[in-house]
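Asks: Start counting the sequence shown at 746; every next residue gets the next number (our numbering).
Everything labelled a hint here was simulated from the structure, so no lab data went into it. Hints may be right or wrong, so weigh each one.
Said to hold, decoys possible - In the BS3-like style, the derived pairs of lysine-lysine whose C-alpha atoms are separated by at most 30 Å in a straight line are:
(1) K1001 with K870
(2) K871 with K1001
(3) K950 with K871
(4) K943 with K954
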Amino acid sequence: MIVVLIIVFVLCLVFRFPIAFSLGLACLMYLLLAGFPLVVLPMKMYSGIDVFVLLSVPGFILAGNLMNHGGLTEKIISFCNHLLGHIRGGLALANIGASMLFAGISGTAVSDTASIGSVMIPAMKKEGYGEGFSCAITAASSTVGPIIPPSVPMIIAATLSGLSVGKLFLAGAIPGFLLGGGLMVVAYLISVRNNYPKHPRSSLKQVAKGFIETFWALLMTFIILFGIIGGVFTPTEASIIAVLYAMLVGVFIYKKLNFWRIQVIVLDSMKTSASLMVLIGFANLFGWILVTERLPQMISAEILGFTNNKYLVLLLINLLLIFVGTFMETIAALLILFPILLKVAVSVGVDPIHFAVIAVLNLIIGLTTPPVGVCLFVASSIGKVSIGKVSKASLPFLAVSLIVLSLVTLIPKLSLFLPRLIMD
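Generate the whole structure from the sequences, applying the supplied hints.
Replies: Right, here's the structure in full:
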């Protein structure tokens, strides 16, 4: 029966069904053929979303949309351009810097690619940057978002494992900045080689003005992290505070939001949140079926039967997750694979927080892995560039991402230093 489940799921993906519907149809087919009562379907879906921490996800999605539509994206890009624009390839560096700052608002790679890319890709092409390079750097820099806190995938990982959201947020900080810094180095070297333009150095007054305009976004990230890590409020309460804060900033400071725009933003956020919750519900049912069929135990036995070496096990898991990440959305892949692989990793002595960072990093790298990385397609559609050209230009950035992944895998302290320093 498990073969039928997997075949139906894969066929649905091939025919480009949404991930949630692919999971739902596969589970429905399994339940019918296996003779389970269909009441199992709503019961397991409800139990999957009946988790208190998940209440924070719609809040963070709404807060990110409010800040984005409230004019934040342009101000972040402007500030980064004032700060980095005088360096060769400064607009490319500003692209990465903007993604690192925007990461604290959006928390998802695809939304980062769409938001930053819609502004930066046309601007970079206009200034003479290669069109493939412009799209590739935007897609690559967007992968910083789900690592640097606050991060929606980290919240999902915490929900699946029972780990502290605050600790996972802290665990992703150093790997996220390593990834962003590595991408900047490669972007600079490519820009020097191709003699990409640079802007005149901005005055201290311009930099200060840009910082003040961007300060409100940075303050929101600080409030969220300080509140959660300091035990002032839960992640769910933090998300509500973030929404209220984003609304006040958008209406009274940036003055880009009004009643009618807020209505549209709330409706769009409701659609995104609802689709995500349906996905989580179906993924929980899918996971229950896998456990019923003892697939996790089989996978664990196969991997551990091949080797008990911790680093070889992590290598095999890395290869699997990067492959899955190339064609499956990060959260969907986490929901299906994370609980299974976490047990394998823990059995060979890997810290669960360390493994959560490895898993999220793997899957977001998959979003920019040729030829079917989702962020590559988003960037290529914005830039109206062939996916082949974008994929070729993304290879140096992919190499940097893999180097950072290797460092994070081999050096647990990169993930565990801040959680142990601040929260233990």
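Asks: Now tell me, hint by hint, if it's right for this structure.
Replies: Hint check:
Under the criterion of a C-alpha separation no larger than 30 Å, the hint pairing K1001 with K870 is consistent with the structure, at around 27 Å. At most 30 Å may separate the alpha-carbon atoms for a hinted pair to count; K871 and K1001 meet this at roughly 26 Å. Restraint check for K950 and K871: satisfied, since their Cα atoms lie roughly 27 Å apart, inside the 30 Å limit. Restraint check: the Cα-Cα separation between K943 and K954 comes to about 21 Å, which is no more than 30 Å; the hinted pair holds.
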